[in-house]
Amino acid sequence: MPTTTARRTFHPPQLSPSPFPYHPGSLLSVNDLTLESLNHILARATVLTYQDPLTRAQILAKRRVALLFYESSTRTRTSFELAAKALGCDTTLVSSLSSSIEKGESLKDTGLTIRALGAEAIILRHNSSGAPWLLEDYTRLPVLNAGDGMHEHPTQGLLDLRTILARLRPGVAEVGPETLAGVTVTITGDILHSRVARSNMLLLPRLGAQVVLCGPKELLPELAADAGPGIAIERNFESALRQSQVVMMLRIQAERLAGLQLDLEQYKAAYQLTGDRLRTLAPQAIVMHPGPIIRGLELTAGVADGPQSTILEQVSNGVAIRMAVVERALTAESPRVPNDRSSSLGSKNGGRA
Amino acid sequence: MSTLVIRGGQLIDPGAGVDAVRDILFKDNRVVEIAAPGKLKQLNGATDAQSIDATGLVVTPGLIDIHVHLREPGQGYKETIATGTAAAAAGGFTAVAAMPNTAPVNDSADITRWMQSPERGAQVRVFPIAAATRGSKGETLNDYAALKSAGAVAVTDDGHPILKDSVMRETLAAASRVGLSVIQHAEDTRMTQGASMNAGPVAFKLGLRGMPVEAESGIVERDIRLVTELRDARAHLHVAHTSTAAAIAAVRQARRNGLRVTCEVAPHHFLLTDEHVGAYNTHYKMNPPLRSAADRDAMIEAILDGVVDAIATDHAPHAMHEKEVEFERAPNGITGLETALGLCLRYLHGDLKMPLGRVLSLLSAQPAAVLGLKGRGTLAVGSCADAVIFDPNAEWTYRAAEGKSKAKNTPFDGWTMQGKVRWTIAEGRVAYTSPA
Chain A
1177 MPTTTARRTF
1187 HPPQLSPSPF
1197 PYHPGSLLSV
1207 NDLTLESLNH
1217 ILARATVLTY
1227 QDPLTRAQIL
1237 AKRRVALLFY
1247 ESSTRTRTSF
1257 ELAAKALGCD
1267 TTLVSSLSSS
1277 IEKGESLKDT
1287 GLTIRALGAE
1297 AIILRHNSSG
1307 APWLLEDYTR
1317 LPVLNAGDGM
1327 HEHPTQGLLD
1337 LRTILARLRP
1347 GVAEVGPETL
1357 AGVTVTITGD
1367 ILHSRVARSN
1377 MLLLPRLGAQ
1387 VVLCGPKELL
1397 PELAADAGPG
1407 IAIERNFESA
1417 LRQSQVVMML
1427 RIQAERLAGL
1437 QLDLEQYKAA
1447 YQLTGDRLRT
1457 LAPQAIVMHP
1467 GPIIRGLELT
1477 AGVADGPQST
1487 ILEQVSNGVA
1497 IRMAVVERAL
1507 TAESPRVPND
1517 RSSSLGSKNG
1527 GRA
Chain B
2 MSTLVIRGGQ
12 LIDPGAGVDA
22 VRDILFKDNR
32 VVEIAAPGKL
42 KQLNGATDAQ
52 SIDATGLVVT
62 PGLIDIHVHL
72 REPGQGYKET
82 IATGTAAAAA
92 GGFTAVAAMP
102 NTAPVNDSAD
112 ITRWMQSPER
122 GAQVRVFPIA
132 AATRGSKGET
142 LNDYAALKSA
152 GAVAVTDDGH
162 PILKDSVMRE
172 TLAAASRVGL
182 SVIQHAEDTR
192 MTQGASMNAG
202 PVAFKLGLRG
212 MPVEAESGIV
222 ERDIRLVTEL
232 RDARAHLHVA
242 HTSTAAAIAA
252 VRQARRNGLR
262 VTCEVAPHHF
272 LLTDEHVGAY
282 NTHYKMNPPL
292 RSAADRDAMI
302 EAILDGVVDA
312 IATDHAPHAM
322 HEKEVEFERA
332 PNGITGLETA
342 LGLCLRYLHG
352 DLKMPLGRVL
362 SLLSAQPAAV
372 LGLKGRGTLA
382 VGSCADAVIF
392 DPNAEWTYRA
402 AEGKSKAKNT
412 PFDGWTMQGK
422 VRWTIAEGRV
432 AYTSPA
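So the sequence lines, in the order shown, correspond to chains A and B. Going left to right, the first sequence walks through residues 1177 to 1529 as our numbering numbers them. Going left to right, the second sequence walks through residues 2 to 437 as our numbering numbers them.
For reference, chain A alone in the conformation it holds in the complex (with noise of 0.2 Å):
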């Protein structure tokens, strides 16, 4: 049979290992960050939160910071601009509107653009999915994802993080493969359009937790427990609830549905995180939301605004490690000249610069 000697014959040329981040400041993806990053960031943010406000604003004392924003945003926007701020950091903003990318500006030249103005690093969020990748590899500064389409909100999973730590593993020092051993973290929503829900499922099994993916077929598919380690899914939200001691629910994100038809009474008669399901089915358990919320969507008021809802700290939590990241995109060793680079990492397969 020629499959057998196919398999056994073809040697296509290997994946070559992906160059980036190009800066080791850069914040892509939680891939990027190893075990011993993480907790770099997570002390950070602690110290630099209880940090004297006037000292604080000495670290990074008029550096310069751009958040480029394509998409709206009220939490991540404003938290990194306090947190840049906090450190001292000039901030400016350049949003989609309002600037010449409404006049047909690429990204490319975009960046271009604020690099040349003196910018040290850019915060960007993106309605395309990989567009940090695409900002990091022609400017070459310091890029901090902020959400980029349905791919990755790394800020948004290091937050997550650092909440479900002070509320189950409080005064945990460090973490480490086993710190959320036996914590079930359930993500229930639209998990397809979900840049929060992909950032948590790979970030959080690292640490040893299992993440239940909970929704109908439309808003999550199948292969989506094939996208690492520790994911499984359960269609049934009461069964999910009854194991999970983390509860984050998502919004249904109507501007990424893109024709797709849902019924909504259906959707909240099968997964809105009610009241009732809360106090019989997971008592325990704290409930997260990455914001914005829809009251009355995906969860009531009287969770959203109840003792076991923690949406509130997730924001506070925010600007403690954006603070960190801030501090680490613009502390960290420039990268190697790009030669080096092509010595020892080999052709990057029709690069783009």
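Note that these hints are calculated values from the structure, not bench results. The C-beta atom is built at its ideal place from N, Cα and C for all residues, glycine as well. Among the hints, a few may not be true.
In silico contact screen, one side only, chain A against chain B (beta carbon under 10 Å); selected entries [claimed, not checked]:
#1 Ser1282
#2 Leu1283
#3 Gly1306
#4 Met1326
#5 Arg1371
#6 Ala1403
#7 Tyr1443
Start from chain A and add chain B according to the hints.
Positioned in the frame of chain A, the structure of chain B alone reads:
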């Protein structure tokens, strides 16, 4: 009258069943004589004859790519007929079939003739493929008789596949009446809205919308049903750039049923998988997209077991700035003319031990047969003087920046290739030559 002699090369002409050291005599655009070394009789001591010493080299019919985008008229900033055919010659191709998704769409005899006019500066023969419907809108059929007499060799709405059953049935029937093939880019575009890569675990991880394999196989199956209904008319369906195991299975079954269904596979679809998209590298974005390893393996098996009729590159040049954008916004397509032979020799012949003659047949005799290109794809006496002479043992590294194509959008930059083209003879004229 121009005379050209190729001496001492290993002539591999799969269409004619020849694999031996031969001298070949071309006069103008015809193969006049083939003989054992030193035995040409019709040379008659001609003193003006150009002579090529092909000792130690392979001489084979000029390669034929039945799926290229030359971007003219209308998009000369990406590629022109002159630069695209220069790339073809550098890759060993002596004829290319040009897709109609130009600006405007090639849906008229005028444009079909314009593309073949000497002013275009083509380095090798260009066979236009005309649009199946007006403006490739999938509604009104074009005048196939007029297109054929203007030189079109097939019809297609490539890139804008014909979705309506009734229109596709009419297209197949009308094309068969005038003896033209119908080429389908099989994609149910209702299932691929906003998608930029293959549907599957990789797309999920990258947060990109995916094109399901059913979007391809569903259209192939539908088209085969229509060809079955038109069995008496002997309608010919050619499936462009097949990329999924399911579509290949449908073609294989159609052939068993005696239908005139052919298919092509592009080098990237038997070499690469969706994992290669990596960190959103737009040089791995094309349509159909790179598929799973299982689909990639199915392409290899189908090539080895003979279901695949042709290797075609889907050469799709784009300007640099068009690919330097967000993955979802980047246009589909990669170049292919300058890398096809080197990749096929290295991987199909080298790795997979496919006999050289069979590999070359997939690049010349068989594609000529798919589109009924008379006198092409063979070096039998009386055929066109189209030949490529290459060094089968030479390894070289492909550098896109040094290529002849205007475009540099290729995933194969820096790859090692097998077999170096030394001369490309197109219609009796040296269209490309490179030093040893």
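Interface hint status, Ser1282(A) versus chain B (Cβ within 10 Å): holds, 6 Å
Residue hint Tyr1443(A), partner chain B, criterion CB-CB below 10 Å: violated, 21 Å
Interface hint status, Gly1306(A) versus chain B (Cβ within 10 Å): Where the cut-off is 10 Å and the nearest Cβ of chain B is about 3 Å from Gly1306(A), the hint holds.
Hint status (Cβ of Ala1403(A) to nearest Cβ of chain B, threshold 10 Å): holds, 5 Å
Hint check: 10 Å Cβ-Cβ cutoff, Met1326(A) to chain B: Hint on Met1326(A): holds, closest Cβ of chain B at ~4 Å, below 10 Å.
Minimum beta-carbon distance criterion (10 Å), Leu1283(A) to chain B: Because about 6 Å separates Leu1283(A) from the closest Cβ in chain B, which is inside the 10 Å limit, the hint holds.
When the least beta-carbon distance from Arg1371(A) to chain B is tested against 10 Å, hint result: Hint on Arg1371(A): holds, closest Cβ of chain B at ~6 Å, below 10 Å.
The structure is inconsistent with hint 7 alone, although it conforms to all the rest.
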